[in-house]
Amino acid sequence: MSSISRRDFLKQSSAALTTAMAVPCIVPSSVFGGSGSVPPSERIVMGGIGLGGQGTRDMQNFMTAADVQFVAVCDAAADRRNKAKDIVDKNYGNKDCTAYSDFCKLLARDDIDAVLSATGDRWHALTSIYAAKAGKDIYCEKPMSLTIAEGRAVADITKRYGTIYQCGTQRRSMRSFAFAVNAARTGKLGKLRTLHSYVRAGQSSGVLKPEPVPEGFDYEMWLGPTPFIPYNSSFVSHFWKFHFDYSGGMITDWGCHCNDLAQMANDSEMTSPVEYEGTAEYPKSGFCNVPIALHVEAEYADGVKLIMYDKKTPDIWPNMNTQLSVKFEGDEGWVYVDDGGNVDANPKSLLEKRKFEKQQWTDAANWQGHHRNFLDCVKSRAQTIAPAEVAHRSTTICHVANTCLRLGRNVSWNPQAERFVNDSDADKMISRPMRRPWRL
Amino acid sequence: MRNSGRKLRYVRLIASYLILALSCAVFAAFDTAQIDSKLAAIVNYERGMNRQPLIAVEQLIRDSQNQPEQRKYIERRLADLLDGAKLEGKSFICKQLWFIGTAESVPAVAKLLTDEETADMACYAIGQNPSPEAGKALRDALGKASPKLQMRIINLLGDRRDILSVEELGKLVFDGENQVAEAAVSALGKIGGSGSMEILIRARAEGDSDLLFAATDAYLRCAENLVAGGKTEQASVIYKELAGKDEAAIIRSAAIKGLADTGGQGAVTIVIAALQDRARMVRSIARGCVRTMQGEDVTELFASELPGKSSAEQVLLIGALADRGDPAALTVIAELGKSEDSEVRKAALHAVGKLGDASSVGFLVQAAAGAGSSEEKAAAMNSLTQLDGDGVDDAVVKSMQNSQAPMRSELIQVLLDRNAAGAVQALLAEAENPDSNVRRTAFKALGRLAGPDDVTSLVKLLVQMQNDTDRREAERAAITVSRRIGDEDRRADAVLTALRAEERVSVKCSLLRVLGGIANGRALETIVDASKEPDPAVQDTAVRALAKWPNAAATEALLDIYLQTDNRTHRLLALRGFVRLLALPTQNRPMQKTLKMCRRAMDRADSTAEKKLVLSGLANVGDAEALIIVEPFLQTEEIRAEAAIAAIKIAGSIVQTDSGKAEIAMNKLLAVLQDENLRRQAEEVLRQIKESKADIHKP
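Which chain is which? The protein sequence lines are H and Y, in order.
All residue numbers for the first sequence refer to numbering that gives the first Met the number 0, where the first residue is 0 and numbers rise by one.
All residue numbers for the second sequence refer to numbering that gives the first Met the number 0, where the first residue is 0 and numbers rise by one.
These are computed hints drawn from the structure, not numbers from a lab.
Cβ atoms here follow ideal geometry from the backbone N, Cα and C, with glycine treated the same way.
Be aware that a few hints might be false.
So the derived list for chain H, only partly shown, Cβ under 10 angstroms to chain Y, looks like this [claimed, not checked]:
{"no.": "1", "residue": "LYS94"}
{"no.": "2", "residue": "LYS158"}
{"no.": "3", "residue": "TYR281"}
{"no.": "4", "residue": "ARG431"}
Construct the entire structure; sequences and hints are all you get.
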């Protein structure tokens with residue numbers, strides 16, 4: 000990584016956009032009633048940034064669409080990017096995919112229409128911003144931001160450039176979750192009262208000692224805008240998710256799914272709760288510093304409650320498994336869904352019109368709707384099911400909840416101004432400076 | 000004069016006492032020595048060391064939430080420690096100052112701003128500090144910092160919207176290194192205001208060509224700031240300037256979108272022109288604007304663009320106009336439903352569903368009837384389902400009544416999908432249609448749409464049916480609709496009345512099946528009686544209905560049949576039904592009664608298969624006495640496994656209520672059981688018993 004690369008990218012992408020336009024002149028496959036064989040000129044050319052487990056899953060799913068062609072992959076780790084390139088090459092039976100360690104070089108390519116960003120949380124906002132500036136549409140994994148300010152910047156820039164943005168909150172497009180959301184939105188539960196969100200607790204670890212950076216791993220690029228910390232393999236592979244400098248912990252990791260579904264169910268996607276109270280327990284030693292136990296109760300202006308749990312109790316949850324789960328409760332009933340495809344409701348008659356098979360969240364078929372929606376919107380320029388502004392509002396709930404827990408007291412949030420109410424300490428947590436040379 | 004001097008001394012004395020009292024109060028509120036000790040522990044912190052001292056300080060800061068003086072003290076002490084701390088300690092302190100920092104800590108942090116090694120962490124500490132001192136420290140550092148650090152500081156000044164730095168940033172735009180200049184224009188875009196805009200205009204005109212994109216992006220941001228401030232006219236000027244042909248496509252796209260969003264004068268004309276732009280990106284963005292743009296006659300203007308476009312463009316534009324939801328585009332779009340291009344026709348048919356009303360029904364039905372492909376037909380039918388507005392259901396009914404058989408069925412399906420409750424009378428008529436498909440679809444729709452008042456009509460139709468195939472669909476509808484009757488006791492009334500008057504066996508059987516589906520108390524009585532009737536068909540129907548009974552009310556009746564019948568089929572059906580119902584909630588049946596029934600069933604079982612079935616039913620009886628019934632069968636090898644499974648399940652369900660008996664049973668089981676899997680399950684029950692006993696003995 001270098002700042003030169005970033006600058007080169009801006010020059011190249013700007014120049015490229017003047018001459019060759021990136022947006023394909025194609026019609027949505029849904030209009031044609033399916034994909035089938037698609038001429039090269041009508042394919043959406045994509046590049047993937049950050050290709051670990053989730054990114055690879057996304058990419059492989061995208062590649063099942065006949066109207067998608069992956070031509071480039073990027074990862075700071077040589078083994079990952081080479082593996083990703085092999086997957087793409089094998090898929091197309093050629094050696095055409097180019098592997099990059101610097102995403103700016105990928106974005107500078109004028110033949111790429113859209114990018115998949117499945118990096119760690121620290122990079123989601125910046126890769127989206129740079130992609131938007133390069134005229135690329137974006138499918139970005141969740142959580143879409145590390146701070147509220149990052150989310151606002153992404154929402155603003157995608158609006159500025161008319162970028163098609165889909166947040167990887169794919170449960171929105173899964174039929175089981177959509178069923179629950181629909182039950183709430185269509186009044187089948189009566190007036191909504193409480194939205195339950197099972198986000199699970201964070202993890203702790205021992206002290207992570209510095210280790211040499213492996214050859215072929217661009218660690219500076221991997222860290223990107225976040226504070227420097229010496230390399231440690233456990234940190235890079237896993238524990239970054241449980242340190243506040245690099246992630247928001249489970250509140251943002253699962254919360255941005257569960258709270259997002261709650262927002263959708265409550266038809267409050269362009270706002271958020273206004274009052275938050277909660278308790279958390281933090282690791283007493285070791286590297287991790289996000290909550291290992293938590294409970295947050297938030298309340299919308301109209302009195303609807305959104306409760307985030309780290310564990311399930313039988314009085315609330317009809318299924319005590321440890322899968323990501325939501326339950327929406329109204330005056331006249333409730334509906335429950337989890338990642339295992341389990342659905343329950345009261346009254347049971349709510350389940351009568353269910354028209355879907357039980358599917359695990361990992362089933363590929365369960366993902367394709369979300370990816371398809373993105374591809375169709377890239378073509379039609381309609382808004383996706385999880386656009387930046389909506390994702391930003393949902394993710395904001397997670398960040399505000401985290402702020403409440405870190406401050407150890409109640410906070411009030413003004414969703415219009417996107418500031419805390421008379422709370423300068425909390426306001427400071429809306430944003431964090433980035434490491435050189437990165438900026439929002 | 001003397002008097003006033005005395006007064007002054009008096010005031011000073013009181014003030015001194017007050018300060019002393021306040022100081023005592025302050026210092027009494029928290030233990031400074033303890034705080035100092037905790038803070039001192041972080042000074043020598045280095046990466047890889049135990050983080051406990053850091054965690055203690057994080058907790059200390061959280062605990063000082065509502066104690067401003069303590070918080071202030073901590074901030075002051077952290078600032079004091081900053082200079083002497085090791086690098087990681089410095090970094091940690093800066094992360095705390097990120098959210099507790101005030102003017103108090105600015106001088107200490109400012110010293111780190113110009114040092115390459117500490118600048119990032121210092122920025123972390125000072126970036127969100129709202130005090131004017133923080134802004135000043137950053138501006139002061141700007142002049143002393145290296146270009147690399149300047150970029151960092153500039154970014155912060157931009158994020159802080161620091162209007163006082165505009166002039167300095169302006170100098171760096173033209174005199175600074177490339178990357179510094181780029182950071183400066185970006186910051187000016189965030190800060191906005193006339194001063195920033197002037198610099199950006201100049202940078203776009205005179206600046207380094209490399210800087211052009213960054214400066215233009217910043218300029219666009221200024222326009223957004225103007226819109227947010229209600230100055231849309233000024234913003235429109237910027238957007239129009241940037242929508243010019245000489246700009247890069249992405250900039251023109253953004254500008255056109257900005258214009259469309261703000262609805263500035265001439266915006267529609269510009270968006271329409273953009274629909275034909277040579278650049279695909281611009282055309283694409285313009286189509287996006289068609290979806291959202293506000294204003295009078297906008298829809299008509301966009302719709303008038305449709306005829307001249309290529310087929311591919313037409314498809315996309317039709318989709319965009321459909322998303323606008325403005326019926327003003329309907330006429331032009333409906334015309335394209337006759338296009339020679341099938342994709343255009345499909346897009347138009349989809350759009351009519353979104354934009355049309357009752358008057359569009361005829362068009363869509365006609366299009367469906369004459370569709371060139373199944374996809375086209377699906378588009379028309381889907382649109383019939385989607386159409387919104389008064390009178391649509393009636394119009395579909397009318398079309399249905401005027402259609403021939405295949406289309407008639409499909410339009411009934413449309414009514415069903417539309418949830419057209421007002422179509423029930425028409426559907427009741429269709430249930431007598433000569434075409435069997437129409438009849439079946441009509442009953443399917445009636446099952447969903449009819450209400451309690453329609454039950455009598457449905458039963459009447461059912462009785463009139465001439466064959467069993469038709470009757471099955473009618474039965475399903477009658478059951479579903481009967482269940483919608485609020486008073487459970489009345490749900491079977493219409494069927495019972497019909498049954499009393501019925502002589503034909505096939506119809507009687509049909510009505511009995513409906514009663515089995517309704518499954519209330521009166522239905523049960525009637526079916527039990529029917530199970531004793533001499534007619535074999537009636538008897539068979541009744542036994543089968545009981546065997547499928549959805550609740551435990553039929554348990555006893557099924558046992559009676561099992562005990563008394565000579566018919567082997569009925570005997571097996573009854574036993575299976577009985578065993579199934581044992582697993583359902585008992586509806587207040589006393590346990591002793593359940594146990595007695597199980598004993599009777601077991602006594603009657605005359606084959607291994609039947610005994611296995613009874614054992615599987617006993618497994619659901621959560622009582623210690625059930626174990627006694629099961630136990631003897633553990634000695635019989637051929638059914639030992641089933642008996643063991645039952646015993647384990649029963650014991651597992653009485654762990655909390657009768658752990659002693661459960662324990663004895665499991666130990667007995669383990670004495671005779673060889674199967675490893677079952678042994679593990681029995682041992683698990685014993686473990687739960689042990690755990691439950693331990694819980695009881697907890698203080």
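Checked hints:
1. LYS94: 29 angstroms, violated
2. LYS158: 8 angstroms, holds
3. TYR281: With a closest approach of 7 angstroms, the TYR281(H) hint holds.
4. ARG431: Status holds, d = 7 angstroms.
Comparing the model with each numbered hint stated earlier shows that hint 1 is the single one that does not hold.
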